[in-house]
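*Asks:* Given the sequences, and given the hints that come with them, work out the whole structure.
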Amino acid sequence: MQRIALYDMDKTITARPTYSAFLVHAALRLAPWRLLLAPLSALAGLAYMLKLVSRTRLKEINLALLLGRPSLARLEPVIRDYARKVVTGNILPGALDQIGRDRASGHRIVIATASFALYAKAIAEELGIADVIATRLEEAKGGLLSNRVAGGNCYGETKLDMITEWLADNGIDRQSCSITAYSDHVSDAPMLEFANVAVAANPHDPLRQLAASRGWTIADWRAG
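Taken in order, the sequence shown gives residues 779 to 1002; the numbers are from my numbering.
Hints in this document: simulated from the structure, not taken from any laboratory. Some hints could be false.
[Unchecked claim] Below are the DMTMM-like pairs computed for lysine to aspartate or glutamate, each with C-alpha atoms no more than 25 Å apart in a straight line:
no.	residue 1	residue 2
1	K899	D909
2	K919	D983
3	K899	E917
4	K899	D983
5	K863	D983
6	K829	D875
7	K829	D939
8	K829	E854
9	K829	D951
10	K829	D859
[Stated by the list, open to error] Now the in silico label distances, taken between C-beta atoms and shown as ranges:
no.	residue 1	residue 2	range
11	R881	A816	35 to 43 Å
12	A1001	R852	39 to 47 Å
13	G884	L814	46 to 54 Å
14	M827	E903	44 to 52 Å
15	A825	G846	15 to 23 Å
16	R858	H982	27 to 35 Å
17	R992	R833	20 to 28 Å
18	A1001	A816	14 to 22 Å
Note that the structure is predicted; figures quoted are calculated from it, not measured. Ideal Cβ positions, reconstructed from N, Cα and C, are used throughout, including at glycine.
*Replies:* Shown next, in the form of structure tokens:
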């Protein structure tokens, strides 16, 4: 039986979120003046809190404000530099240990994250992980970055849909594989429910409570 280990990324593998940090990192290197648009990004965040825009649209707005549409050729070294920065200073040792144990026991390691595939794939490559399920952008035109999300934000039920799609694309029958899933956030309840083994890793309180009620394993990779 094939064994698969699904890992959320932000605050599951990493100590701190990567999304805003990536936007700031890229803006500083490509167009520092765009940081002057940060108040508009804050207004977009308020609009999201008031349910005037979706989480997906909020991501698109922030990407457009802080990155614009740089050429992929200019952006690629910035992404690589950011991935190295994350791996050297923002990875939980306990997460690396668990990934190592899963590898040793024959699991196929997959990162499933709401972060942009744009940089999540680069982080995964630095960690030696080939499989990534993440929020994708529309195909670049004229060599310029698109700031429009394609296929939905990889979050909640949509993340589970993308996992199911990934299984089908890779010719994996759900009934003939065993899945272990790790996440820190209750929004990943659909993924955790889908798994054979669910682990609440570094959980915030809502997920900790849900895990206790479901009998899921609770792990804290932040200690030590």
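*Asks:* Need the status of pair K899, D909: alpha-carbon distance at most 25 Å?
*Replies:* holds, 8 Å
*Asks:* Take the C-alpha atoms of K829 and D951, compute the straight-line distance between them, and say whether it is at most 25 Å.
*Replies:* With Cα atoms ~38 Å apart, K829 and D951 exceed 25 Å; violated.
*Asks:* So if I understand the rule, the pair passes when the alpha-carbon distance is 25 Å or less; does K919 with D983 pass?
*Replies:* violated, 43 Å
*Asks:* So the hint says 14 to 22 Å: do the beta-carbon atoms of A1001 and A816 match that?
*Replies:* The hinted range 14 to 22 Å is violated for A1001 and A816, with Cβ atoms some 34 Å apart.
*Asks:* Mind checking the hinted window 39 to 47 Å against the Cβ distance between A1001 and R852?
*Replies:* With a Cβ separation near 40 Å, A1001 and R852 satisfy 39 to 47 Å, so the hint holds.
*Asks:* Tell me if the beta carbons of M827 and E903 are separated by a distance inside 44 to 52 Å.
*Replies:* Hint violated: Cβ distance 34 Å, outside 44 to 52 Å.
*Asks:* Taking 25 Å as the top limit, are the C-alpha atoms of K863 and D983 close enough?
*Replies:* violated, 29 Å
*Asks:* For the pair supplied as a hint, K899 and E917, confirm whether the alpha-carbon distance does not exceed 25 Å.
*Replies:* Cα-Cα ~16 Å, so holds.
*Asks:* Does the Cβ distance between A825 and G846 fall inside 15 to 23 Å?
*Replies:* Distance hint for A825, G846 holds at roughly 20 Å.
*Asks:* 35 to 43 Å was suggested as the range; check whether the CB atoms of R881 and A816 agree with it.
*Replies:* holds, 40 Å
*Asks:* Are the Cα atoms of K829 and D939 separated by 25 Å or less?
*Replies:* holds, 23 Å
*Asks:* Is the Cα-Cα distance between K829 and D859 25 Å or less?
*Replies:* This hinted pair is violated, its Cα atoms lying about 35 Å apart.
Hint check: violations occur at hints 2, 4, 5, 6, 8, 9, 10, 14 and 18; the rest are consistent with the structure.
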